[in-house]
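Using the sequences and the hints given, assemble the complete structure.
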Amino acid sequence: MVKSYIKSQNVSGGEAVLASRLFKEGKSQQYVDAYLLSIGSEAVENYIFEQSTGNIRHHMNLISHVIKEDLLTSEEKNKAGLRLKELERKYKLFKETGFPGISERE
Numbered sequence: 001m002v003k004s005y006i007k008s009q010n011v012s013g014g015e016a017v018l019a020s021r022l023f024k025e026g027k028s029q030q031y032v033d034a035y036l037l038s039i040g041s042e043a044v045e046n047y048i049f050e051q052s053t054g055n056i057r058h059h060m061n062l063i064s065h066v067i068k069e070d071l072l073t074s075e076e077k078n079k080a081g082l083r084l085k086e087l088e089r090k091y092k093l094f095k096e097t098g099f100p101g102i103s104e105r106e
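All the letters of the sequence shown, read from the start, carry residue numbers 1 to 106 under UniProt numbering.
The hints are simulated quantities; they were obtained by calculation from the structure and are not laboratory data. Wrong hints could be hidden among the right ones.
Stated by the list, open to error - The calculated DSBU-like cross-link candidates involving lysine-lysine, where the alpha carbons are at most 30 Å apart (straight line), are:
no.	residue 1	residue 2
1	LYS24	LYS7
2	LYS92	LYS68
3	LYS85	LYS95
4	LYS85	LYS7
5	LYS85	LYS27
Said to hold, decoys possible - Cβ pair distances, simulated, as ranges:
no.	residue 1	residue 2	range
6	LYS24	LYS92	31 to 39 Å
7	LYS85	LYS24	26 to 34 Å
8	ARG21	GLU96	31 to 39 Å
Note that the coordinates shown come from a computational prediction; the quantities given were computed from them, not determined experimentally. The beta carbon of each residue, even a glycine, is placed where N, CA and C say it ideally should be.
Shown next, in the form of structure tokens:
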């Protein structure tokens, strides 16, 4: 499960280590996605935007859950909150334009 997740989401380094740890703790793939998204994983973000808009909305809800669960430090919670706002902005643009993962830097 861990190896296929790492390959499909294209995560590496510290993100791969975190994903492995979370899976060993019994967390679901969607939870791991949300956790990595909350700390700024561009690989997972790209994967999610390649899926459907329902997936994006669902993952934004999961990020909110991760923030509330008290697994993150206060600094990580602040980052996750900002990340959630950024994803909401991208989601809105995605709904309007139909382009996945659209951002100002693209």
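Each hint, compared with the structure:
no. : hint                        : in the structure
1   : LYS24 <-> LYS7              : holds, 17 Å
2   : LYS92 <-> LYS68             : holds, 23 Å
3   : LYS85 <-> LYS95             : holds, 15 Å
4   : LYS85 <-> LYS7              : holds, 27 Å
5   : LYS85 <-> LYS27             : holds, 24 Å
6   : LYS24 <-> LYS92: 31 to 39 Å : holds, 36 Å
7   : LYS85 <-> LYS24: 26 to 34 Å : holds, 31 Å
8   : ARG21 <-> GLU96: 31 to 39 Å : holds, 37 Å
Checked against the numbered hints above, the structure breaks none of them.
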